[in-house]
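Note that the protein sequences, when read in sequence, are chains A and B.
Numbering-wise (this note's numbering), the first sequence opens with residue 7 and increments by one.
Numbering-wise (this note's numbering), the second sequence opens with residue 7 and increments by one.
Any given hint might turn out to be false.
Same chains, same label: a pair holds when it works inside one copy or across any pair of copies.
Said to hold, decoys possible - Taking lysine-lysine pairs in the BS3-like style, the calculated list, with each CA pair at most 30 angstroms apart, reads: (1) K72 to K14; (2) K48 to K72; (3) K60 to K72; (4) K27 to K60; (5) K60 to K14.
Since the hints were made in silico from the structure, they are not lab data.
Values in this document were obtained by computation on a predicted structure and should not be read as measured data.
There are 2 protein chains.
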Amino acid sequence: MIYNIQIKVMPLKELLDPQGKAVLGGLQNLGVTAIQDVRIGKHITLQLEAASEKDARDLAEQACKKLLANPVMEFYEIELVN
Amino acid sequence: MIYNIQIKVMPLKELLDPQGKAVLGGLQNLGVTAIQDVRIGKHITLQLEAASEKDARDLAEQACKKLLANPVMEFYEIELVN
Chain A
7 MIYNIQIKVM
17 PLKELLDPQG
27 KAVLGGLQNL
37 GVTAIQDVRI
47 GKHITLQLEA
57 ASEKDARDLA
67 EQACKKLLAN
77 PVMEFYEIEL
87 VN
Chain B
7 MIYNIQIKVM
17 PLKELLDPQG
27 KAVLGGLQNL
37 GVTAIQDVRI
47 GKHITLQLEA
57 ASEKDARDLA
67 EQACKKLLAN
77 PVMEFYEIEL
87 VN
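If we strip away everything but chain A, and leave its shape as in the complex, we get (with noise of 0.2 angstroms):
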């Protein structure tokens, strides 16, 4: 069965996140300062062939541990949508 898969991989917390700070200051000179923190990460779907969904979830946390995230730097999470 195909799986679609969404994963979200964020900077972690503890970390400064310069893409997040340098967009805060861009929408403070456009005029919405409203907003307080901006913090910027990956989105990525992945569509897969997996027998259940367990397979499929392991599938994602495999792709996700060998390339799509940096444990040193990020957290993922892994949604799972069908």
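With the hints as your guide, set chain B onto chain A.
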């Protein structure tokens, strides 16, 4: 009140996503062959001060239109989490 907003900005479905294609190739080289498609976009979290849920959504919408998303190549989805 402080609202936390999650925004997903992805390349339009009709467009090629070279970054996703590169990651797909990388995963296959690493032996994760069950994955058939990868698309990569941005995940943005905003923290903002607003009087109501509707105001918070409007502010996020405004931020997307002014800076966060490029409507020629990307679509976005705003989600309020609190």
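Comparing the hints with the structure gives:
1. For a Cα distance limit of 30 angstroms, the shortest separation of K72 from K14 qualifies both inside one copy, at 15 angstroms, and across copies, at 23 angstroms.
2. For a Cα distance limit of 30 angstroms, the shortest separation of K48 from K72 qualifies both inside one copy, at 16 angstroms, and across copies, at 20 angstroms.
3. Taking the closest pair of Cα atoms, K60 and K72 come within 30 angstroms of each other only inside a single copy of the chain (18 angstroms); across copies the shortest separation is 40 angstroms, beyond that limit.
4. Taking the closest pair of Cα atoms, K27 and K60 come within 30 angstroms of each other only across two copies (25 angstroms); inside a single copy the shortest separation is 37 angstroms, beyond that limit.
5. Taking the shortest Cα distances, K60 and K14 sit within 30 angstroms of each other both inside one copy (18 angstroms) and across copies (25 angstroms).
The structure agrees with every numbered hint stated previously.
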